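The sequence shown: position 50 = 59 (the working numbering), numbered continuously.
Think of the hints as simulated: they come from the structure by calculation, not from any bench. Keep in mind that a hint or two might mislead.
[To be verified] With a straight-line cut-off of 30 Å between C-alpha atoms, the simulated DSS-like cross-links for lysine-lysine are:
no., residue 1, residue 2
1, Lys67, Lys85
2, Lys62, Lys85
3, Lys85, Lys100
4, Lys68, Lys85
5, Lys75, Lys47
6, Lys85, Lys75
7, Lys68, Lys54
8, Lys54, Lys85
9, Lys47, Lys70
10, Lys85, Lys70
11, Lys54, Lys67
12, Lys75, Lys62
13, Lys67, Lys47
14, Lys100, Lys110
Remember, it's a predicted structure, so these values are computed and weren't measured experimentally.
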Amino acid sequence: MLQRFTAYLLIVSLVSANFSRFFIYAGFELNRNYIATKLCENRDKPQLHCNGKCYFMKKIKQAQEKQNTEERQAQKNLFQEAFCTQPATVKFYQVLLSVTKVPNYRIHLPEQSRNIFQPPRLS
10 MLQRFTAYLL IVSLVSANFS RFFIYAGFEL NRNYIATKLC ENRDKPQLHC NGKCYFMKKI
70 KQAQEKQNTE ERQAQKNLFQ EAFCTQPATV KFYQVLLSVT KVPNYRIHLP EQSRNIFQPP
130 RLS
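When you get a sec, could you build the whole thing from the sequences and use the hints?
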């Protein structure tokens, strides 16, 4: 019973994280009258026909910023530093390159004097 409850809780938390914009939109649509009359920044200016869209856009922007900060935090958590216990050894060589002679074998293709392409003849 506890395992099922934990599984359902994890599923709901994952879905709510991915569909946060949908929940904001659904909340806006369900409470549109209240938002337009009480929470809208432009409720004093009915000629703009805002009807709470300013509040909706503000909430969407907050959700986007929250998601971006969570992504940055997740990327910071992935960062790992390397710790070396032995000091790095540096070797200096006097001769960097050595020149070797490679035999030069040239390939000679046979020369043919006749043409390969022959256009079709008209009869």
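Outcome of the hint check:
| no. | hint | result |
| --- | --- | --- |
| 1 | Lys67 <-> Lys85 | holds, 27 Å |
| 2 | Lys62 <-> Lys85 | violated, 35 Å |
| 3 | Lys85 <-> Lys100 | violated, 36 Å |
| 4 | Lys68 <-> Lys85 | holds, 26 Å |
| 5 | Lys75 <-> Lys47 | holds, 25 Å |
| 6 | Lys85 <-> Lys75 | holds, 15 Å |
| 7 | Lys68 <-> Lys54 | holds, 20 Å |
| 8 | Lys54 <-> Lys85 | violated, 44 Å |
| 9 | Lys47 <-> Lys70 | holds, 20 Å |
| 10 | Lys85 <-> Lys70 | holds, 23 Å |
| 11 | Lys54 <-> Lys67 | holds, 18 Å |
| 12 | Lys75 <-> Lys62 | holds, 20 Å |
| 13 | Lys67 <-> Lys47 | holds, 15 Å |
| 14 | Lys100 <-> Lys110 | holds, 28 Å |
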